[in-house]
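One letter stands for each residue in the lines below.
Number of protein chains: 2
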Amino acid sequence: MLNSKEESMKDKGILIVLSGPSGAGKGTICDALRKRMPNLVYSVSMTTRAPRVGEQEGVNYFFRSKEEFEKLIQEDAFIEYAKVYDNYYGTPKAHVMNLLNAGKSVILEIDIQGAMQVKESFEDGVFIYIVPPSLEVLTHRLRDRGTDADDVINKRLSLACSELALAHKYDYIVVNDKLEEAIEKVASILRAETCKISRNKEKIHYIYQKYLEQGE
Amino acid sequence: MLNSKEESMKDKGILIVLSGPSGAGKGTICDALRKRMPNLVYSVSMTTRAPRVGEQEGVNYFFRSKEEFEKLIQEDAFIEYAKVYDNYYGTPKAHVMNLLNAGKSVILEIDIQGAMQVKESFEDGVFIYIVPPSLEVLTHRLRDRGTDADDVINKRLSLACSELALAHKYDYIVVNDKLEEAIEKVASILRAETCKISRNKEKIHYIYQKYLEQGE
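Residue numbers (my numbering), protein chains in the order written: chain A, 20 to 235; chain B, 20 to 235.
Heads up, a few of these hints could be off.
Repeated chains share a single entry, so a pair holds when one copy, or any two copies, can fit it.
[Stated by the list, open to error] Straight-line distance between alpha carbons at most 25 Å, and here's what the computed DSS-like set of lysine-lysine pairs gives:
id	residue 1	residue 2
1	Lys215	Lys31
2	Lys197	Lys222
3	Lys123	Lys222
4	Lys215	Lys112
5	Lys54	Lys197
6	Lys102	Lys197
7	Lys197	Lys123
8	Lys85	Lys229
9	Lys54	Lys123
10	Lys229	Lys112
No lab work stands behind these hints, which were simulated from the structure alone.
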């Protein structure tokens, strides 16, 4: 029914930012979404840390030297970046823009500081905060994972608490009580966002013009 | 997992306004949604026209005299109303408020004039414009229905055209090309809206308090 021009307008990519405390289930939700929505991709981050065995340039990360990374910071080439211990990690602007322009929706799984950086340059991004139903559940999840020591778990819990106070800076909150429902909610948010009037001005104008032409 | 206080916060009703030209498929979409979402109800309109055979007070309409209706207009008791030929039709504010407070989401299928009236008193309503993919498709649908004469169809087409220019006053646009996809899009919009931060401030505050208590 739609011609090629309409198709191209229809498939504009959306930048989705997912945040939430460790143990909220962001990773599981992201993986499930990517399986269901073939148009949804992860962005590839850039880092100054050394590649681990099996990691590929442009697949797992873009690997750069510290000097190159700092030059790119100066050139405002990141939509967000952070220094973790001695290494930089960042999301290259050009990479994300290319994906969005090609009609791909890009999902970023980043912390609240990164999310707020993204918001400065991508106002029309969709900011989703994933939260466990209670601190008790979060504690159980972190313990069950068995990857963190007790003091790390306690730090994560305290961070979760202080970050929740900033949830109002996001557009949506999804309480991950039942995983399947949480995945469906995030998928619904993405489908709903593609219907937003603000994302469809061109398309509405085009349909309107066609109405006028046919009405003559 | 959630206690009764959380449950009550969770189930706040949303007012959904669906508009679009005759033949866009609004009625079909509404019926399908109500079957899938047990928490979604139509509001019952008030009218001054006489009940038809089988129509029941409070089910099909609230039937009132012209005098009563005009008194209610004076009392600002409608979220929208219109006079069609000699009869009034309106959506009673108290009825909708009762449903929303009881945690029901209320769907109104009304024209653009009515929708703009609703927007004045229900800023956080969700305004969705349903549009057929083209004037050609709309023409076919109206002809296939076989209920309208040619001059009525032409009037409807011309109205569809002038109304589309006002679609930007809505929050979402859903192109009803494939019915099943359009239904899923509207359902997704409703699910997404329940996750909006602005609709969950109380809930976030409550979870935050619980985090703090548990963290002590």
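Hints and how they fare:
no., hint, in the structure
1, Lys215 - Lys31, "both (12 Å within a copy, 22 Å between copies)"
2, Lys197 - Lys222, "between (36 Å within a copy, 17 Å between copies)"
3, Lys123 - Lys222, "within (18 Å within a copy, 33 Å between copies)"
4, Lys215 - Lys112, "within (24 Å within a copy, 27 Å between copies)"
5, Lys54 - Lys197, "both (19 Å within a copy, 23 Å between copies)"
6, Lys102 - Lys197, "neither (34 Å within a copy, 48 Å between copies)"
7, Lys197 - Lys123, "between (28 Å within a copy, 22 Å between copies)"
8, Lys85 - Lys229, "neither (53 Å within a copy, 43 Å between copies)"
9, Lys54 - Lys123, "within (14 Å within a copy, 33 Å between copies)"
10, Lys229 - Lys112, "neither (35 Å within a copy, 38 Å between copies)"
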